[in-house]
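Protein chains in written order, with our numbering: chain F, 111 to 518; chain W, 111 to 518.
There could be a bad hint or two in this list.
All copies of an identical chain are treated as equivalent in the list; a pair is satisfied when it fits inside any one copy or across any two copies.
As the list claims (entries may be wrong) - Under the rule of at most 30 Å between Cα atoms (straight-line distance), these lysine-lysine pairs were calculated in the DSS-like manner:
1. Lys461 <-> Lys168
2. Lys139 <-> Lys195
3. Lys412 <-> Lys168
4. Lys121 <-> Lys278
5. Lys411 <-> Lys195
6. Lys203 <-> Lys430
7. Lys160 <-> Lys139
8. Lys306 <-> Lys139
9. Lys498 <-> Lys261
10. Lys306 <-> Lys430
11. Lys260 <-> Lys306
12. Lys461 <-> Lys142
13. Lys203 <-> Lys142
14. Lys498 <-> Lys514
15. Lys139 <-> Lys315
Because the hints were derived from the structure by calculation, they are not lab data. Being a predicted model, the structure only gives us computed values, none of them experimental.
Number of protein chains: 2
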Amino acid sequence: MYTMALSERSKYAFNPIDEDNELAERIVKSGKKVIQLNRGDISLYFPTPKYIEDAYVKAIRENRTSYTRSSGIPELIDAVRGRYKRMFNLNLKEEDIITTQGVSEGLYFLNASLLNPGNHAIIFRPYYTQYIPNIELAGGKAYYLDYDEKKEWDIDTDELENHIKRMKKKRGIKYIMITNPNNPTGTVLGRGTLEKIVDLANEHKLILVSDEIYDEIVYNGAKFTSISQLAKGVPHVILNGASKNLDATGFRIGFMIVPGEDRVSMELKRKFADFASVRVSVNAPAQYAIAEAIRNVKEHKKAIGYMVREIEDRVNFAVKRLGENPYLEMVRPNSAYYILPRIDLKSLNYKSDKEFVDELLRSKLVQITRGSGFGAKSHIRIVALPDKQTLGEAINRLNEFCMKRSGR
Amino acid sequence: MYTMALSERSKYAFNPIDEDNELAERIVKSGKKVIQLNRGDISLYFPTPKYIEDAYVKAIRENRTSYTRSSGIPELIDAVRGRYKRMFNLNLKEEDIITTQGVSEGLYFLNASLLNPGNHAIIFRPYYTQYIPNIELAGGKAYYLDYDEKKEWDIDTDELENHIKRMKKKRGIKYIMITNPNNPTGTVLGRGTLEKIVDLANEHKLILVSDEIYDEIVYNGAKFTSISQLAKGVPHVILNGASKNLDATGFRIGFMIVPGEDRVSMELKRKFADFASVRVSVNAPAQYAIAEAIRNVKEHKKAIGYMVREIEDRVNFAVKRLGENPYLEMVRPNSAYYILPRIDLKSLNYKSDKEFVDELLRSKLVQITRGSGFGAKSHIRIVALPDKQTLGEAINRLNEFCMKRSGR
């Protein structure tokens with residue numbers, strides 16, 4: 111007999127949202143058409159801009175198809191340095207930037223570099239799903255706090271401070287993770303909140319990690335502040351990449367940025383580079399394409415400008431139509447492209463958001479994502495990327511579904 | 111004060127061969143031209159075939175730039191199934207194949223899925239460098255055995271059996287790794303040896319892992335046997351990919367193949383798919399390109415035929431010229447494109463292969479790799495991919511270097 115084949119840790123390799131697709135796949139296979147408001151894949155709805163595709167094609171035609179430096183080609187690193195100078199007046203050095211295979215790989219490098227078994231990372235709910243398996247695969251645990259829905263999903267920094275003080279003695283805390291702008295809430299954290307978080311990290315000697323992958327998809331008058339603008343002298347890591355702002359999800363190009371010069375930051379950037387060397391290289395021609403995508407400021411401005419206007423319009427339209435449903439209550443997003451309404455499950459007589467979402471899919475052929483997949487039970491996540499006609503039709507069905515269920 | 115920032119495991123994130131490049135980079139920066147016989151990057155020397163680049167460009171132009179199924183697009187999975195049917199008469203099912211970001215990612219999935227702290231994997235020296243950090247990052251340890259240089263780098267299966275018996279009681283052994291064809295020795299394991307290894311794995315209930323990334327780069331009359339042809343009923347994993355056979359190193363497309371139907375194989379393939387779901391997706395257009403690269407048998411035959419003839423010619427040329435050096439002794443390779451001579455360090459009065467390699471680089475501007483990076487001290491690895499003129503010039507310098515040192 112073989113002993114147990116799998117490792118202990120392997121039980122944490124798990125994508126809770128992926129599992130939910132099985133029902134949808136069965137329905138589609140039976141020949142029915144499902145409206146999907148569950149796919150946060152911007153390049154499905156907005157084709158990758160032509161100037162980026164041209165640069166990708168050029169790289170292939172020039173035979174840029176061999177391995178590259180493991181932390182990324184110099185052209186790409188330079189382009190990222192230019193971006194941070196332009197947007198945040200930040201002077202990054204070459205060694206501050208590690209190219210990754212999407213933010214997913216950045217999460218692996220981060221947690222594998224930092225966490226010993228039993229260590230904790232502070233994670234605010236609702237969270238981006240993939241944070242959790244990456245923490246747990248490294249033997250760590252998420253210490254959950256909550257974004258405050260009543261305060262437009264802001265962080266209650268007094269509560270954060272209390273928790274840090276209380277748990278500091280008991281358990282190792284390695285880092286505080288924030289997602290700004292946020293998936294799935296669509297919130298942009300204010301400068302005041304960020305300043306308090308930086309102070310707390312500094313006082314209690316915790317590393318700050320800010321996932322800023324949506325940092326250019328900001329609207330409704332909101333203003334984005336990068337943690338890198340405030341955290342000078344405090345060790346911090348920024349996760350970013352090409353997927354959202356550059357509308358290139360399938361390229362799998364991400365960045366880890368460690369701007370600090372302090373001892374901890376120096377250790378981190380060297381170690382992330384070591385992890386990169388273990389996996390040899392990132393897709394070569396995609397790196398050239400993204401270097402051009404970032405460098406060509408004029409074309410990028412056009413592309414992102416159009417995209418953000420469209421997204422703002424679609425999100426606001428969807429929020430308005432969802433607002434007509436008396437069983438939903440939501441904070442209006444001002445970034446990314448997700449809406450996270452709270453559902454009045456009790457009035458609708460559903461036991462869980464999962465049951466609600468599955469039943470909506472079965473009876474109305476509309477697929478959305480259960481909030482519990484993001485640590486936000488009694489919520490649903492709606493992706494507002496499809497055009498308004500599709501969105502309108504899907505929300506009609508959702509609203510009808512609730513009305514019928516309640517008997518109104 | 112921040113506590114120690116990095117995790118315990120992070121010390122294992124380390125690429126020993128990468129480190130050696132620093133000296134070479136300094137020399138190149140000083141304006142000197144170095145002949146590199148250290149880069150196993152086939153696409154640097156043989157441009158990726160045009161039909162593959164065309165398919166890549168087509169995928170981009172058709173906007174195949176969004177996320178894909180995490181275990182790979184159906185077109186690619188089908189192509190891989192077709193390949194294994196064609197080459198080895200193997201009937202793979204869709205779920206037997208997981209697309210990875212190069213074999214590197216396959217090594218991560220493999221070790222993270224299998225190893226608990228303290229578990230062992232049997233690794234034969236000389237080994238492909240990246241096996242080791244991946245084992246150690248998962249908390250495991252390599253249990254080293256040696257390919258037998260005196261028997262043309264074959265595996266001594268009696269010795270293997272003795273070691274398995276001896277250590278089985280003491281420590282957990284999860285898998286036996288073989289590299290066939292081998293980097294860095296260029297050996298193809300014979301069918302008889304493979305049969306014995308399969309029997310041992312079966313008898314002692316160990317998982318077999320075969321890295322077969324060079325399985326079409328075989329020459330000098332050698333015949334390759336895939337472990338999948340012999341290990342029916344014995345749980346085994348094949349690592350393969352597009353980098354070498356399809357001359358597409360920078361695409362980062364690998365495969366993990368688990369053909370078995372037994373309980374262990376079923377657990378493994380499901381878990382590898384779970385790991386894939388945690389990192390979301392592999393580069394999308396590269397998957398379409400590789401699907402076409404595998405499917406287009408006619409073009410592939412032309413491309414691989416030319417490449418293997420050229421490699422055979424260059425390797426045999428280099429072996430002949432290296433054979434003129436009385437301080438080197440080597441087994442003639444019949445696969446891949448590496449030559450691994452043993453150096454008579456004593457006669458040359460060098461303390462280590464590292465010292466030899468560094469001194470050759472400094473004084474003759476020829477970069478090769480120290481064998482100790484692959485667990486083969488007193489050896490050097492030479493990549494025979496450059497054209498014969500370059501190879502000849504580099505080997506002249508190497509031979510002169512030895513002659514001068516010895517005073518002959």
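Hint check results:
With identical chains, the CA atoms of Lys461 and Lys168 are never at most 30 Å apart, being 54 Å at best within one copy and 48 Å at best between copies. Only between protomers do Lys139 and Lys195 lie at most 30 Å apart by alpha-carbon distance; the minimum there is 27 Å, versus 49 Å within a single protomer. In this assembly of identical chains, Lys412 and Lys168 lie within 30 Å of each other by CA distance both inside one copy and across copies; the values are 21 Å within and 25 Å between. For a Cα distance limit of 30 Å, the shortest separation of Lys121 from Lys278 qualifies both inside one copy, at 27 Å, and across copies, at 25 Å.
Taking CA atoms no more than 30 Å apart as the test, Lys411 paired with Lys195 passes inside one copy only; the shortest distance there is 16 Å, against 49 Å between copies. Taking the shortest Cα distances, Lys203 and Lys430 never come within 30 Å of each other, neither inside one copy (45 Å) nor across copies (47 Å). Proximity of Lys160 to Lys139 under the C-alpha cut-off of 30 Å is found in neither arrangement, the shortest distances being 33 Å within a copy and 37 Å between copies. Neither within a single protomer nor between protomers do Lys306 and Lys139 lie at most 30 Å apart by alpha-carbon distance, with minima of 51 Å and 45 Å respectively.
In this assembly of identical chains, the alpha carbons of Lys498 and Lys261 lie at most 30 Å apart only when taken from the same copy (28 Å versus 70 Å across copies). In this assembly of identical chains, the alpha carbons of Lys306 and Lys430 never lie at most 30 Å apart, being 33 Å within a copy and 69 Å across copies at closest. Proximity of Lys260 and Lys306 under a CA criterion of 30 Å is satisfied intra-copy only: 19 Å inside one chain copy versus 67 Å between copies. For a Cα distance limit of 30 Å, the shortest separation of Lys461 from Lys142 inside one copy, 27 Å, qualifies, whereas the shortest one across copies, 72 Å, does not.
Within a single copy, Lys203 and Lys142 get their C-alpha atoms only as close as 53 Å, which misses the 30 Å cut-off; across copies the closest is 26 Å, which meets it. When the C-alpha separation of Lys498 and Lys514 is checked against a cutoff of 30 Å, the pair qualifies only within one copy, where the shortest distance is 24 Å, while the shortest distance between copies is 78 Å. In this assembly of identical chains, Lys139 and Lys315 lie within 30 Å of each other by CA distance neither inside one copy nor across copies; the values are 53 Å within and 40 Å between.
Going through the hint list in order, the structure does not satisfy hints 1, 6, 7, 8, 10, 15.
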